[in-house]
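2 protein chains.
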Amino acid sequence: MPDPIVFSGGTVGAWSVVGVTVVCGPSLAPVARVNKGAEPAVAASWILSGVTSNLRYTNSSEKRLLDATPSVLGRPAATRAALIPITKSAAWWALAQDQRRAVLEEQSRHIAIGSEYLAAVSRQLVHCRDQPGAVFDFLTWFEFAPADEGRFDELLGKLRASPEWEFVEREVDIRLEKVA
Amino acid sequence: MPDPIVFSGGTVGAWSVVGVTVVCGPSLAPVARVNKGAEPAVAASWILSGVTSNLRYTNSSEKRLLDATPSVLGRPAATRAALIPITKSAAWWALAQDQRRAVLEEQSRHIAIGSEYLAAVSRQLVHCRDQPGAVFDFLTWFEFAPADEGRFDELLGKLRASPEWEFVEREVDIRLEKVA
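Chains A and B are the protein sequences, given in the same order. Positions 1 to 180 (our numbering) are the ones given, in order, by the first sequence. Positions 1001 to 1180 (our numbering) are the ones given, in order, by the second sequence.
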């Protein structure tokens, strides 16, 4: 079943903001903390909500590979995180399914590249394009150990240099540290 | 952009209920009228809401065929309609993208069969699985002239006999007549 996930930016939450990079499009209001839960936090400056959902592009052979290294959230060593909300262009969403798949994987190797980092980087994809009033299409969430932040940046660098990213028109990279 | 669509079952609305068939799973509370709009109607017995969204399975060659006969809602001759909410099983949603595509089209010819009826049957697919709390995955909507209801039933018969429908676990077929 789709699982609701709500990110609330404000003054409360288990994650302290350590940096914000606007990759493209407008930023979000600056906040000190981010709360991740099933419900919005009180008095939030911004609330981004969506749901986990079914796979949209992953083929069965790729799914077998991903399933072999399931993404575990909340690992004690993973005290760093990144919340990266993303919006893709109208041109992306107007493409047929095979055209989007071709850009995402055959041209950009999104799934293959991500697969190289499964052990170090736990991830969760939250869909929000189909929520009425949503301004982002996806809320991408990553957790990793401090020592793996360089590898995480390497992963992002590869994806952002890919043909798929020509369709990204808003992206805000919020880095977080777990509050002790 | 995703477009919110809300069906409200109750005593108001442009569509009068002429029949309800429960294909599988529980029915919906009986109502006299259905209102279709961007907002819920007041005092509704039930409210089913979702959004139009991007294509999930259609390939570019199929899209070209569909785009050549665009679905026009509100045709004056199309005084009959069907609202058919559908829920698919957890097994369907756990499949990889290529497996769902193979069942839907290569095994069931869903897009090809539907294409034979484009001129007679206008249609709109409303997605709701990713709406928090939704009980249906899709709200399928069809408009046709009274003389084409037999052809519409033929189309449904072909789809319901297909392997894809083994994954359908709730389906309610509500037939409607436009209020003069």
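Honestly, the hints are just simulated from the structure, not real lab data. Any given hint could be a false lead.
Stated by the list, open to error - Pair by pair, the computed Cβ-Cβ distance ranges are: (1) B:Ala1068 x A:Trp93: 13 to 23 angstroms; (2) B:Arg1160 x A:Ser45: 48 to 58 angstroms; (3) A:Ser115 x B:Ala1014: 34 to 44 angstroms.
Claimed, not checked - In silico negatives: residues of chain B with every beta carbon more than 12 angstroms from chain A: (4) Asn1054; (5) Ala1120; (6) Arg1175.
To be verified - Here are a few chain B residues that face chain A, going by a calculated C-beta distance under 7 angstroms: (7) Asp1003; (8) Pro1004; (9) Lys1036; (10) Leu1055; (11) Tyr1057; (12) Trp1093; (13) Gln1097.
Every residue gets a Cβ at the ideal spot worked out from N, C-alpha and C, and that includes glycine.
So, going through the hints one by one against the coordinates:
no.	hint	in the structure
1	B:Ala1068 x A:Trp93: 13 to 23 angstroms	holds, 20 angstroms
2	B:Arg1160 x A:Ser45: 48 to 58 angstroms	holds, 50 angstroms
3	A:Ser115 x B:Ala1014: 34 to 44 angstroms	violated, 51 angstroms
4	Asn1054	violated, 5 angstroms
5	Ala1120	holds, 24 angstroms
6	Arg1175	holds, 27 angstroms
7	Asp1003	violated, 9 angstroms
8	Pro1004	holds, 5 angstroms
9	Lys1036	violated, 16 angstroms
10	Leu1055	holds, 6 angstroms
11	Tyr1057	holds, 6 angstroms
12	Trp1093	holds, 5 angstroms
13	Gln1097	holds, 6 angstroms
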